[in-house]
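Residue numbers (my numbering), protein chains in the order written: chain X, 1 to 113; chain A, 114 to 224.
Mixed in with the good hints, there may be bad ones.
Some chain X residues close to chain A (C-beta under 8 Å, calculated; not the full set) [claimed, not checked]:
no., residue
1, Gly42
2, Leu45
3, Asp56
4, Thr76
5, Gly85
6, Ser87
7, Ala88
8, Leu91
9, Asn97
10, Arg99
11, Thr101
12, Phe104
13, Gly105
Now the in silico label distances, taken between C-beta atoms and shown as ranges [stated by the list, open to error]:
no., chain 1, residue 1, chain 2, residue 2, range
14, A, Thr190, X, Lys78, 40 to 46 Å
15, A, Ser152, X, Asp74, 23 to 29 Å
16, A, Thr180, X, Asp74, 35 to 41 Å
17, A, Leu188, X, Glu68, 20 to 26 Å
18, A, Asn209, X, Leu96, 16 to 22 Å
19, A, Gly208, X, Glu83, 27 to 33 Å
Straight-line distance between alpha carbons at most 30 Å, and here's what the computed DSBU-like set of lysine-lysine pairs gives [unchecked claim]:
no., chain 1, residue 1, chain 2, residue 2
20, X, Lys16, A, Lys216
21, A, Lys139, X, Lys15
22, A, Lys139, A, Lys216
Source of the hints: derived by calculation from the structure; they are not laboratory data.
Glycine included, each C-beta is placed from N, C-alpha and C at the ideal position.
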Amino acid sequence: EAGVVQSPRYKIIEKKQPVAFWCNPISGHNTLYWYRQNLGQGPELLIRYENEEAVDDSQLPKDRFSAERLKGVDSTLKIQPAELGDSAVYLCASSLNTRETQYFGPGTRLLVL
Amino acid sequence: SQQGEEDPQALSIQEGENATMNCSYKTSINNLQWYRQNSGRGLVHLILIRSNEREKHSGRLRVTLDTSKKSSSLLITASRAADTASYFCATDDYGNNRLAFGKGNQVVVIP
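Take these sequences, add in the hints, and give me the full structure.
This is how it looks when you write it as structure tokens:
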């Protein structure tokens, strides 16, 4: 069974540029999560989807971050414009339902110069 | 916001030795989970222990939970070089349907 797929794996951009990350969850998983992991820290939730509905986006910086999960499968996380402090690893995870075990993708490592 | 606080934050042991790490948390939880993260990779779920459980085993892993002290421990027995990784505890808090991760323990197993 394929795991959670993320792309790109690495991205280097200059500040003020836009950037987008893509995630394909495990087939049949209804819940999708986006996390940000800063260096030396644990992941912090940005947004959680139940199917196509964003049910917890309280920690998403909405002035520059946006996300969508069209048709309740793939998801895209966008930052526009990027700031130096956005440099981090962006992790996508999925689970059958909320409170089930979460399976993480390999992450996208973003460097903003 | 970070919830669990792992201790020690860095641990270096010889292959074959046991590794023990602790996690403390602050709120009431539904369950506590441990994850492993190898360098440059995503997190892998290791084990989940529910709030009404005190101990759980999975292969070479043993997890304990003391809800009165709000703490958990992860024991890796007979460590291998492949166990070199960062280990995170994460609490599933009542009320917010959200996993809160600690900062992680870095474990290095020397062959």
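Okay, the hints, checked on the actual structure:
Interface restraint check for Gly42(X): the shortest CB-CB distance to chain A comes to about 3 Å, inside 8 Å, so the restraint holds. Nearest Cβ of chain A to the Cβ of Leu45(X): about 6 Å, under the 8 Å cut. The hint holds. The restraint placing Asp56(X) at the interface with chain A holds, with a minimum CB-CB distance near 7 Å, inside the 8 Å limit. For Thr76(X), the shortest C-beta to C-beta distance to chain A is roughly 18 Å, which exceeds 8 Å, and the interface hint is violated.
Because the beta carbon of Gly85(X) sits about 17 Å from the nearest beta carbon in chain A, more than 8 Å, this interface hint is broken. For the restraint placing Ser87(X) at the interface with chain A, the shortest Cβ-Cβ distance is roughly 16 Å, beyond the 8 Å limit, so the hint is violated. Hint on Ala88(X) is violated. Least Cβ distance to chain A is approximately 14 Å, over the 8 Å limit. Hint status for Leu91(X) relative to chain A: holds, with the closest Cβ pair at about 6 Å, below 8 Å.
A least Cβ separation of about 10 Å between Asn97(X) and chain A goes past the 8 Å threshold, and the interface hint is therefore violated. Hint status for Arg99(X) relative to chain A: holds, with the closest Cβ pair at about 7 Å, below 8 Å. Proximity of Thr101(X) to chain A holds as hinted, the smallest CB-CB distance being about 5 Å (cut-off 8 Å). The closest approach between the C-beta of Phe104(X) and any C-beta of chain A is roughly 4 Å, which is under the 8 Å cut-off, so the hint is satisfied.
Annotation: interface hint on Gly105(X) holds; nearest CB of chain A at approximately 5 Å, less than 8 Å. Distance hint for Thr190(A) and Lys78(X): a CB-CB separation of about 45 Å, consistent with the stated range 40 to 46 Å. Taking 23 to 29 Å as the suggested C-beta distance range, the pair Ser152(A) and Asp74(X) conforms, at roughly 27 Å. A C-beta distance of roughly 39 Å is found between Thr180(A) and Asp74(X), which places it inside the suggested range of 35 to 41 Å.
The hint said 20 to 26 Å for the Cβ distance between Leu188(A) and Glu68(X), and at roughly 42 Å that hint is violated. At about 19 Å, the beta-carbon gap between Asn209(A) and Leu96(X) stays in the expected band of 16 to 22 Å. At roughly 32 Å, the beta-carbon separation of Gly208(A) and Glu83(X) lies within the given 27 to 33 Å, and the hint holds. Distance restraint check for Lys16(X) and Lys216(A): the Cα-Cα separation of roughly 29 Å lies within the 30 Å cut-off, and the hinted pair is therefore satisfied.
A C-alpha spacing of about 37 Å is found between Lys139(A) and Lys15(X), which places the hinted pair above 30 Å, so the restraint is violated. Pair hint Lys139(A) plus Lys216(A) holds up; C-alpha atoms about 14 Å apart against a cutoff of 30 Å.
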